[in-house]
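Colleague: The chain contents come next:
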Amino acid sequence: MTFEWLGVVGLVTYLVLLIGIAFAARRARQDESPADHFLAGRGLGVFVLFLTLYATAYSGNSLLGYPGQAYRQGFSWVMATGFMLSIIVVFHALAPKLRPIAVRESFVTPGDWVRFRFSGESGSRALLLGVSLLMAIALANFLFAQLKAMGELAEQFTGGVIPYEWGVVLLAGMILFYETVGGMRAVAWTDALQGVLMLVGLGALLRWLLADSGGLELLTNQILEVRPGAADLPDAREQINWLSTIVLMGLASVVYPQAIQRIYAARSGRVLRRSLALMSFMPLATTLVVTLIGLAAIARFQGLGDVEADRVMPLLLGEWAREGLGFSIAAMIVFMGALAAIMSTADSVLLSLGSVAAEDLFGRSHREAGTTRFGKRIAAVLMVGMAFLAIGARDVTLWGVIELKMELLIQCVPAFLIAIHWSRFRARPACFGLAFGVGIVILGLVLDSKRIFGVHIGVIGLAGNIAIACIGSLLRSPGSPSQRALHLP
Amino acid sequence: MNQQPQDFKVTAGNEGRRERGAGSGLPRWARPLRRVLLCVIGLLFVASIPWYRGDAPPARIFGLPDWVAIAILCYATAAILNAAAWLLTDIPESTGDDEARRP
Numbered sequence: 001m002t003f004e005w006l007g008v009v010g011l012v013t014y015l016v017l018l019i020g021i022a023f024a025a026r027r028a029r030q031d032e033s034p035a036d037h038f039l040a041g042r043g044l045g046v047f048v049l050f051l052t053l054y055a056t057a058y059s060g061n062s063l064l065g066y067p068g069q070a071y072r073q074g075f076s077w078v079m080a081t082g083f084m085l086s087i088i089v090v091f092h093a094l095a096p097k098l099r100p101i102a103v104r105e106s107f108v109t110p111g112d113w114v115r116f117r118f119s120g121e122s123g124s125r126a127l128l129l130g131v132s133l134l135m136a137i138a139l140a141n142f143l144f145a146q147l148k149a150m151g152e153l154a155e156q157f158t159g160g161v162i163p164y165e166w167g168v169v170l171l172a173g174m175i176l177f178y179e180t181v182g183g184m185r186a187v188a189w190t191d192a193l194q195g196v197l198m199l200v201g202l203g204a205l206l207r208w209l210l211a212d213s214g215g216l217e218l219l220t221n222q223i224l225e226v227r228p229g230a231a232d233l234p235d236a237r238e239q240i241n242w243l244s245t246i247v248l249m250g251l252a253s254v255v256y257p258q259a260i261q262r263i264y265a266a267r268s269g270r271v272l273r274r275s276l277a278l279m280s281f282m283p284l285a286t287t288l289v290v291t292l293i294g295l296a297a298i299a300r301f302q303g304l305g306d307v308e309a310d311r312v313m314p315l316l317l318g319e320w321a322r323e324g325l326g327f328s329i330a331a332m333i334v335f336m337g338a339l340a341a342i343m344s345t346a347d348s349v350l351l352s353l354g355s356v357a358a359e360d361l362f363g364r365s366h367r368e369a370g371t372t373r374f375g376k377r378i379a380a381v382l383m384v385g386m387a388f389l390a391i392g393a394r395d396v397t398l399w400g401v402i403e404l405k406m407e408l409l410i411q412c413v414p415a416f417l418i419a420i421h422w423s424r425f426r427a428r429p430a431c432f433g434l435a436f437g438v439g440i441v442i443l444g445l446v447l448d449s450k451r452i453f454g455v456h457i458g459v460i461g462l463a464g465n466i467a468i469a470c471i472g473s474l475l476r477s478p479g480s481p482s483q484r485a486l487h488l489p
Numbered sequence: 490m491n492q493q494p495q496d497f498k499v500t501a502g503n504e505g506r507r508e509r510g511a512g513s514g515l516p517r518w519a520r521p522l523r524r525v526l527l528c529v530i531g532l533l534f535v536a537s538i539p540w541y542r543g544d545a546p547p548a549r550i551f552g553l554p555d556w557v558a559i560a561i562l563c564y565a566t567a568a569i570l571n572a573a574a575w576l577l578t579d580i581p582e583s584t585g586d587d588e589a590r591r592p
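Those sequence lines, one after another, are chains A and B.
At position 79 of the first sequence the residue is numbered 79 (the working numbering), and the sequence of numbers has no breaks.
Throughout, the working numbering is defined as the position within the second sequence, counted from one, plus 489.
FYI, nobody ran anything at the bench for these hints, they're computed from the structure.
Treat the hints with care, since some could be wrong.
Just so you have them, the derived chain A footprint on chain B, three or more residues with Cβ under 8 Å [claimed, not checked]:
| # | region |
| --- | --- |
| 1 | 545-554 |
| 2 | 568-581 |
Here chain A is said to cover these stretches of chain B; the calculated rule only asks that three of the stretch's residues, wherever they fall, bring their Cβ under 8 Å from a Cβ of chain A [unchecked claim]:
| # | region |
| --- | --- |
| 3 | 532-542 |
| 4 | 559-565 |
None of the values given here were measured: they were computed from a predicted structure.
We treat Cβ as the ideally placed atom computed from N, Cα and C, and that holds for glycine.
Same shape as in the complex, but just chain B (with noise of 0.2 Å):
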């Protein structure tokens, strides 16, 4: 097992990511950024789908008619902000709670 050096007091929690800053090698502002980022990504989710449209025949947006073109688009840039997030995620090696350890 790959234990690694614990640098942070507690828990599986978000109070040990609070307390531990530095530690975890990203800026404050990752953490807000990374919520804003996937509700945008749950709002790309909804939008992709064509709940807007009438019942006009569709026009052609890159060959495809335009509510594909446009789920493609809306997935396309969930995906790039999706990439964002997870460069944002702080995944720790341990939850560092030594004393939280099962016998």
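Just chain A, same shape as in the assembly (with noise of 0.2 Å):
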């Protein structure tokens, strides 16, 4: 059987497993409540809480765009561990103060915090809808990485029987599928499975290419007979543009909605903390693994242009496979970890599209029993959107669809870390922020200056941001309504 035929037989096998798994978690629902499907009744424990955690956090951008990005950038791109290790970092920050609160007020998605910090303010809903906007948005435009990262993987290791338009369409009904049964009990089983396989297939491939090229220090000494250049030392620009890195993608990852939901959905405090506790560990056993593997793609491919970088790990795993049987099979089981990073990330950013869209953009309450229904039928109509996107674009790169989302992810910040700790934060000023924040971010990008000194237009607009709700919020009278609700100090 040749790879190829490999490739389509693993594919089928995994999807039929997935069809199992919604049909399980649809058995093992309470009800057809909106905290059921969404948060799947609050009731994760540590070991599948973490891995969908894990799960989520690490996709098709992990995958396929940081390989990639390594490729493209050099040593530097070590980065990428830091950055994903500050959104946990971060999460102290939000997590400690935020659970207890939205146990106690049963919130669902991340506009019901707004909804309810805010609550009485002139200013509130414009906030929630500013908010919801951006997260919407933000999840779109995640949703579509996904979708084009998986429609990618399904031409590469089928070798062209599934052709990208249709790997996107029917990975994208796949999930669809699930999600609309077994909702977020269905996405946290199958994340399970999914976070299981892609740690097992990742340290698999590492251990390859190291063997292969016959240790670190032969692996270096090949990447630098390829591209000398490779491991200059980054110069004070890169070195700022580090650092904005990781302030941009520890801020922006934390108001995530899917992360924000997790956060809900944890059985308990102690859950929660344990699962955090072992998220720390992932970058390095993750995003440190295929930047190592994009830094070996430097000394097997070269001359791939940008957007084609990103196949890296597409091309790695072939080669790899080319090598024997057993070779062939532990390659099907990266490219199935690759393929289910990509889906449990694109299951939760569906889920929680269809949540934000429904409660928050068109305020239907959690209570009612129809939003769980309104909700799914919102996030059907947007995955069709989405893949639609996904195949008449696909000459995008990852990592530029990752930044754009960020940048403008992160103005929403103020609302939930600076919210939670300052109780005289006010909903008018933080408007005012948000506004100013996207403003400079669409003109960053409309002047195609998305750096400034190496600090990314979205850190510049959050610093304008945080300033103007900050002070304009200093300028308002104490003691509203929520600050009465919160007892904040």
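Two chains, two frames, some hints: make the complex.
Modeller: Here you go:
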């Protein structure tokens, strides 16, 4: 059997497994409420919560985009390990305070926090819409990136038996199916399977790459022979960009709707803190590994263009598979792991997108019986739209898509991180700050100036956003209804 | 919703946790130690960026350019400290403030 047909068989087996999990999750549901569908009845334990956090955080961007960026950028892409770790560090500022309030108030979406925190204040409705819209745009962008990555992988691993376009349609349809049938429970269970596959697969690939190159020392030599500049020390501007990327990714990722919803979905605070403690090691086990894989590709594939660089992982796996049947099977496990990572992120994003759109943008209450169905319909419509977009806009680099999403999403940070720590923080100034930050990002995009002295335009926008929101809040009188309700210090 | 029994009074803020003491299941030194760990993690992030390097060609550590190996070492240490900080973090199940509930 050729590797291409082995790919088809592996893919079909994996999809059948996902269908089984979806039906099992459906049988385990307690009711038709949004809390049960979107948060698995708030009952995720340590093992499943950890793996769902892991599989959701490490996506097509990590598995295809990061090796591609390491290939383009060289050794300085080690920064990716830092910014993925910074996400788990910044969670310290949000999770311990948000979790008890979320449990007490039965939050389902991130917008529930904004609605609760700024309740009764002028400008609260506009702030809720602004935050929710930015989150929906970021989620749609994220979904687009995952669909693109799924199509690429399906085509590469079946040797074109399943073309890119059909790969997007088939896998998008599968995600829509198991999410609609099983909700968050199906997403979390499939994430657990996908997380295990990803860890095993990446470890095996790195081991082969190092063994085949003769160890790290020889691998570095081979890379420097092909591209002597790959190990150049980053200049001052690149070093500032390194720090800026850590700030951008650390802050923006914390307000990912699907991440916030996992804070809500944990069975208890203890489960949440243990899962996050385990997550601390995942940047080393995953991001560092894919960075080394991308670097190894420099020595093996020369002259790949910007967009082609996102395909270094499938190219490496193809090369690995040609070594024999045993290697083909191992490559297949990595392929499944990569596909699993992408699908697990896409399903979480889709679930969040449905709930954010239904409740925060269209104003449905999570206490209404029809909200779950409405959210599912919105998710289906968005999935179809994004699938068409992914088919039509194939030639976009994944890292470019990630940066754009983060620049916008980071503008939501004050409404969460500052609002939860500072009781005088007000909705109207926060709204003005948000508008300013988004305006700066759009201006940067229009002028094609995404960085100033290495600092991301989104980080600059955030600085202005925070200044406006905080000064405006100080100028307003103390003692808002939300302050009384929260008893914040 | 999994509302847990409330064994402490007040709030989302810090006072409630100070009053609670043993209720959190964590020793008294946990909070200050957690703060120290988070500060050290911040310093490790700054140290991971090769600001300190001159123009000399990089030496090799574990087969990698030295500044890359140092960055990885910083992130590995930060990961261990961050895991410890999470285990020292108190995440109560409720703010315990019934009066603060919204209608």
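Colleague: Hints first: check each against the structure and report whether it holds.
Modeller: Hint by hint, here is what the structure shows:
| no. | hint | in the structure |
| --- | --- | --- |
| 1 | 545-554 | holds (count 6) |
| 2 | 568-581 | holds (count 12) |
| 3 | 532-542 | holds (count 7) |
| 4 | 559-565 | holds (count 5) |
Of the numbered hints listed earlier, not one is contradicted by the structure.
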